[in-house]
Each structure stands twice: as structure tokens, then as C-alpha cells.
Amino acid sequence: MAEQLLEVRQLSRRFAAVDALKAVDFSVEAGEVHALIGPNGAGKTTFIHHVSGALNPDSGSVHFAGADVTALSMHQRVTAGMARSYQITNVFPSLSVLDNVALAVQGRADAGSSFRFWKPVQAEQRLFEEARACLDQVGLGARNETLASSLAHGEQRALELAMALATRPRMLLLDEPMAGAGPEESARMVELIEHLARHVTILLVEHDMAAVFRLADRISVLVNGQLICTGEPEAVRANPEVRRAYLGDHL
Amino acid sequence: MTQLLLEQALNGLQFGLMLFLLAAGLTLVFGIMDCINLAHGSLYMVGAYFVAAATQAADSFWIGLGVGVAGAALLGLLLELSLFRQLYKRDHLSQVLATFALILIANEAVRVIWGAQPVMLNPPDALAGPVEFSLLGDTFFYPAYRLVIIAFGIGVAGLLYLLVAKTRVGMWVRAGASNREMTEALGINVQALFTAVFVFGTALCALAGGLLGPLLAVQVGMGESVLILAFVVIIIGGIGSIRGALVGSLIVGSVDTLGRALLPTLLRALLPADAASTLGPALASILIYLLMAGILFFKPQGLFPARA
Amino acid sequence: MAFYRAAPYQQPVAIALVLILAALPFVLTAFGQEFYIGFATRVLIFALAASSLNLVLGFGGMFSLGHAAFFGIGAYAAAICQQAGVNEALIAFPLAMLAAGSFALAVGAISLRTRGVYFIMITLAFAQMAYYLFISARSLGGDDGLPLAGRMTLAGVPLTDDTSLYFAAFFGLTLAMLFFGRLADARFGRVIQAIRENETRMEALGYPVFTYRLVCFALGGALAGLAGALLANLTGLASPNLLVWTQSGTLLVMVIIGGVGYLYGGVVGALILLCLEEVLVGFTSHWHIVLGLILLGVVLFAPKGVAALFGKRHG
Chain F
119 MAEQLLEVRQ LSRRFAAVDA LKAVDFSVEA GEVHALIGPN GAGKTTFIHH
169 VSGALNPDSG SVHFAGADVT ALSMHQRVTA GMARSYQITN VFPSLSVLDN
219 VALAVQGRAD AGSSFRFWKP VQAEQRLFEE ARACLDQVGL GARNETLASS
269 LAHGEQRALE LAMALATRPR MLLLDEPMAG AGPEESARMV ELIEHLARHV
319 TILLVEHDMA AVFRLADRIS VLVNGQLICT GEPEAVRANP EVRRAYLGDH
369 L
Chain P
152 MTQLLLEQAL NGLQFGLMLF LLAAGLTLVF GIMDCINLAH GSLYMVGAYF
202 VAAATQAADS FWIGLGVGVA GAALLGLLLE LSLFRQLYKR DHLSQVLATF
252 ALILIANEAV RVIWGAQPVM LNPPDALAGP VEFSLLGDTF FYPAYRLVII
302 AFGIGVAGLL YLLVAKTRVG MWVRAGASNR EMTEALGINV QALFTAVFVF
352 GTALCALAGG LLGPLLAVQV GMGESVLILA FVVIIIGGIG SIRGALVGSL
402 IVGSVDTLGR ALLPTLLRAL LPADAASTLG PALASILIYL LMAGILFFKP
452 QGLFPARA
Chain H
72 MAFYRAAPYQ QPVAIALVLI LAALPFVLTA FGQEFYIGFA TRVLIFALAA
122 SSLNLVLGFG GMFSLGHAAF FGIGAYAAAI CQQAGVNEAL IAFPLAMLAA
172 GSFALAVGAI SLRTRGVYFI MITLAFAQMA YYLFISARSL GGDDGLPLAG
222 RMTLAGVPLT DDTSLYFAAF FGLTLAMLFF GRLADARFGR VIQAIRENET
272 RMEALGYPVF TYRLVCFALG GALAGLAGAL LANLTGLASP NLLVWTQSGT
322 LLVMVIIGGV GYLYGGVVGA LILLCLEEVL VGFTSHWHIV LGLILLGVVL
372 FAPKGVAALF GKRHG
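Chains as they are written, first to last, in our numbering: chain F, 119 to 369; chain P, 152 to 459; chain H, 72 to 386.
Next comes chain F alone, as it looks inside the complex:
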């Protein structure tokens, strides 16, 4: 069996009187693309927030690369190798594409301390070389000097990925990377994720089922805060419980 990179044990969380997550057990193996799907309001976003450290569970634990990270804050989990992209595009619009990624490189522990008050960032060649490499990986190499705000929507999503990559993650947490993208942009994003999946483990939350079934090695289904099934795409497709949950949705 492959190494469990992410392991979530008995994770529960209540909001007011609502059980948002009910004793969820979940794991991502190193090297796989693991998709998390579920109808709207199933608790996917809440779950992602607990994995990334934006929210803390009432009970249960999150383990990453063999260590219990439940008590770690978001930035500490990033340092531990867990990077995330956002549902809504979340880049620095007034910075250039290259500067956006350089900022992400700069945040990494092995890129040196950022408590540097004197040397201009522009003079730090290494940051920008790495940033360029990340941008090449996502196909934005030619857009380095453009302001992030003037990128097309799909390009901004790619930039977001490049920033996540720049933190040198062991696992990428992609929160609906296709959201708001047209068919052409979606196709390009699928290719991009396929390409990235060769280097990094991916936890993908996505509504676009065509993309999910093309990309995922395994799929987990979350319904009403409960994980109802995990398995290979064909098994999940055939699962009657999943079919019931998705009644009306096309699977």
C-alpha cells in the first residue's frame, strides 16, 4: 500500500445546530489525484477549510506526512507542504504575474527569512528565477510582466496554481479550479492538472464531473457532512448510494 500523505480521522464539526461534518474518515495516498465530490451544501468547502487549517474541528484529527497537524495554523501547514488554491481567484491584482509568484517563493522556509529590511527584492535573482520556472510549468511563461489584474480569468486560475506550486507543496489542495471557466479554459486546466499530477499529490474538489472522472485516481463522495463512499471512478459511478445522492445530477 502506498504512503498515506493526508489522513483525516473522525473529523466532526457543528455550526450552531447543524452537523456540518460527521465523523469523516478520509485519506489521500502519496502520488494520487484524489477528487472530493458531493452535492451543493454537502460540506466540501467546510472540509477543505479543516484540512487547510482555516477552521478547527470540534473533534477528530488531521495528519499530514505522518505528523498530527490538527493544532497547526494555516501557515504552518503550508510550511509542512500543503498548498491550496481558492475557489474565487485570489491573487494580488496590482502586482505583476512574476511578482505574485516571487512573493509565494519568498514565503517558503528554505528561501530564507523575509525579515530583510534593506536589500531590494528586485535584486534577489534566485526568487525570480524560481518564480519563472513555476510560471513556465503552468504555461504563463510569456506573461511574466503583465499585471495580474489584466490577465484573463483562466490565466488568473493558472497563476493561482503557480503560486501554490511555488510553495513546493507535497500536496496541492485545489478548490474548484474549473469554477467560472468556459469549456476551452476548462480543457486547458484539465491538461495542466494532469501535467502537475506527475510531480505532486492532488486533492481536488470539483463540480465538473467530466474533469473529475478524467483526472481522479480515486473519488470520495461527501453527502450531508458524511463520507458515503471512496473508491476508483468506475466503482463510485456504479455505487447506488452515490446515484441516489446525485439523483437529478448527471454522473
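Watch out, some of these pointers could steer you wrong.
Stated by the list, open to error - Chain F residues, not near chain H, derived (Cβ > 10 Å throughout):
hint	residue
1	141
2	173
3	196
4	217
5	227
6	242
7	260
8	262
9	271
10	281
11	298
12	308
13	342
14	355
As the list claims (entries may be wrong) - Which bits of chain P does chain H cover? Going by a derived footprint, with three or more residues having C-beta under 8 Å, they are:
hint	stretch
15	282 to 292
16	385 to 397
Keep in mind the hints are simulated off the structure, nothing from the lab.
Virtual Cβ for every residue (Gly too), placed ideally from N, Cα, C.
With chain F's structure known, arrange chains P and H on it following the hints.
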């Protein structure tokens, strides 16, 4: 000793209730409109001046109080319509700058109209002396006017509670403090609600200014120190929460009053005399801030956060 | 808000300004206007104080309304140093910065756990706490403040005459602005500005946001402390009035008038406000009314500050 304790406890209660009148309006403006109003203390000062002037003209404290508070409420209405309405939409920076400008203008305008000397405001003659009452077989004295203030404070606090907890307008106010967008989506006339809350808050703080006038000097700058105490109350109680404002006011009022009265004595019992006399007043004056820091450390949102 | 980036003409302009400021006392003396050297010193000191607030507010995005506390603590620290027999500014001023910076560190550690209106009120309340502490401390002069026996020496040179104190303030401001400008373009400046823009994103990039904010807050406090120590030398007194919250308001007004987040916002704002005061006081003793009306006008008609009226930000 018992006389001192009882007197200080009542003083603390009285101070706390007056702080509540100030903080109640302010916490709603903060909570509902997400607007920081530094000029709230100036409205308190202007209220006190209005009451003093009206009392002099009418030769009756109660008429003066009514007229002065009404005048301040009218001023609040004008300010809301002309200025604050525009500020709600702006960022905190603009709000602070504009209301800071209002403080400068108010202080200077008061100085021009009433002069730099404090204005005297006398309590009604009938309430000028102390009352005598007995408790547990002992006889105590306490100023009648202060008792009236306490009664006023309790009355207003009760009324406010009923208003916010039991009426439809109160429900809107609570809804607005916890979720503004939702309130707007429900089709409530938010602008009118904002105006009403602002004017009501102004009337409350003018009432506090008028009631405290006979105890303190009515003077330029009286609003600023009390404004910060109202801030501390709101920080402790939680922004937008009337209940928090009440609890916070009573805590701040009694801790400050009792601290100033008892801490020096207490320290003298524990420390050498000279150390106690240096440390006592200093510690007493910052006691409520230390308390605030302590509460914040455990509850960064205050004791009764209005927003979930 | 855009990120700061030095304009191409910034360096020549800065050098020209430094030369002009260096020549100013001699020009004033030549024209028999020595009185204005003291005024110019005041402007430089407040420019430093306002710039330190601009670092916290404009670059760090932290809306502190208690900055005067650090300013005042710097002044008291200088006075206390002198009482303790340390009359050399090269020792006393860093100690003043250390004292103000440490207090800022403590205040920041508690108040940076909160956001928005809360943060504004809490910084204000802590500043008021410091104010009451100094007022009630009889050994520090209480209400009257702590007077300096005379001006200090800087590297052995007595600052007794106005021109030498002017140059002390001039060096202080120049060094601080040089540091500030470098910082804004360096890693740290990038990080705090990015946190101002989008703190969640920075957290998700692995940055310990709280720590960066806290360091920025403490740095601003320390620089304000330097300004306070200089002011104590100018006025000969460490007064509790320096810590009054309206003083924080004044510094804030300077930064807003000058332009929040512009490198020279604090300098421009201090110059405008103090000159305005100087002129208005000549016309009316009630100049606060005029100032208040002007500020209202700025809020309503030039919300981005005066600097924004004159030029675009480079970015």
C-alpha cells in the same frame, strides 16, 4: 468602613449606569452601521452644555434636562442627515478623520459660545442634600441626587432592554447588528433605521451629559476621556450588543470606582508605605485597562459578541 | 491600494530635498529668521512621527489610533535617561526607541488578535492607559511632566543652539526615511503590503501573518519613540500631553492629509498641517474650527489625501 464600601458601591453603580447611556448608542452605531464615531463624546459634551443653558433659561433643572436632550437629539438628526449618512459607506479611515474633525469643531465652538471656563449646573434644590437610610441596623447617608441618577439609569436601561428585546424596531436593530445584508434583504428601511438609532444614541448620551453635569464640571474636553471609557465598555461587552454594553458598563463603573477608593488602602496593607503610595494611584488609574487586556486575551470578540 | 515602488525620479528628488533641508538653517540665519529654525525642527520631528505611523497604517494596513503613546514614551525615556545621568543622545535615543518599541510590542501582541473597529478602539484604549500611568506617576512629574535639565549632546556635540538640534532632527528623519524607503522595496515591505492587501492569501502562502504585523507595529512604535526623544529635547519637557489620544488623532490627520501608503505621506502631511496651524493661528485663536472644516472637506472631496491630488502612485 461599611459606610465607605456602600457609598463606593453605589457610586460605582451610578457611574456604570451613566457609562451605559453613553455606550448603548455608540455600540449600536458601531455594530449596525460599522461606523466608528469619535464625536460621540462631543455629543455628550454638547448635551451637557445644552442642558446647562436650558436650565439657566428656564430656571428648572427638569425642564432644562428635557429641552437640552431634545436639542441635542435635533443636532444629532442634522448631523446624521448631513454627514454620517455619507460616512457609513466610507472606510474607517474617513470615518475617523471626519469625526475627529467634528471634535475639533465642537470643542472650539463650545469655547466660542460659552467660554473656556467650566459652566456650573446645579441639581434641583430638593435633591441637593443627602438622604438618610438604615440598613442592617446602621444608618447611612447618600446624596439624594445620585440616587435619582441611579433610578434614571436603571429606568432607561430597563426601557432600552424592552425596546430592543420586545419590539419590532428592536428586532430590526438586533438583526442589523448581527447581519446587515440580511436586514437589507428583508426590505427594512435601513436608512430610516440608521437615522433613528443615531438620533436615539445622541439623546441617550446627552441625557448622560445633562445628568452628570451637576456632579462634574461642564467644560470643554469633558467628552474625550469619557469617550474612551465608553470604548473600553464596548470592547469588553462586544460590539453591537446592548447586553454587553450593560454588563461592560457596570464592570467598568464599579471596578474603576472601587479600585480608586480601595486599592491604595489595600496596597498599604501589603506593601511598604512609600511603594504603596506611588503604586496605588497609578495602578488604580489603569485597572480597567488591565481588565480589558485580560478579557481580550481570552475573548478577543468581547463577552457578548453580537456577530456569530 | 497598490504596492509601493520607487519612482525613477525619486532618488534625485530625495537628494535635492536633503540638500535644501541641509542649507535651510543657514539661509534662515542669513535672512535673520532664526526663529523659524525651531519651527522647522518641529516639522522634521513630526514628519518622523507621522512617517512612523504611515509605516504601520499605510504599509502595514493596521489602523492604530494609539500611536501618540509611543511618541510620548520616547520623550519620557529621553528625560529619564538624562535624570539617570545619560546625556548622550547616541545612547539615550536608542534607549527611547527600545522603550517605545517594547511597549508597542506588548500592545500589538494583544490588539493584533482583533480586526477592524475593534483594533482601532483597543489601540486607543492602551494609549490612554499609558497616558493615565504617566499622569498618576508622581516620580515622573504627574500632570506637569518631566522637564529636561538642558538639551543632550549628540556624539559629544551639545545640541544647545537651535541649529545643532535642527541637524539632529534632520539626521534622524533622513536616516529613518532612507530605512523606510529601503524597507518598502525589500522583502519585509513586500510582505507587509501584501498582508495589507489580502491577509488570508498570505497565510495560505505560508506566511506567519501575525508575526509580520507585530514586527511592523513595533518598528513603527520605535521610530515614533525616536521622534518623541527629539521633541523632548526641542521643548525641554516630556509632557503627558504628548500621549493624549488627540495627539494620535493629529498624527493620523497628518498621514491622511499627506497620503496613506505613500512613502512621503507623513512628511508632506506634517509640513502641511504645521504650516496651516502656523498661518491660521495668526488669524484666529479659534483655528481648530477652520482646521476641522478643512478636514471634513478633505474627507468628502479628496478621500485619498492631498498627495493623491497632486500625483499618481507609481506601481
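- Please flag the earlier hints that this structure goes against, numbers listed from lowest up. Of the numbered hints, 3, 4, 5, 6, 10, 15 do not hold.
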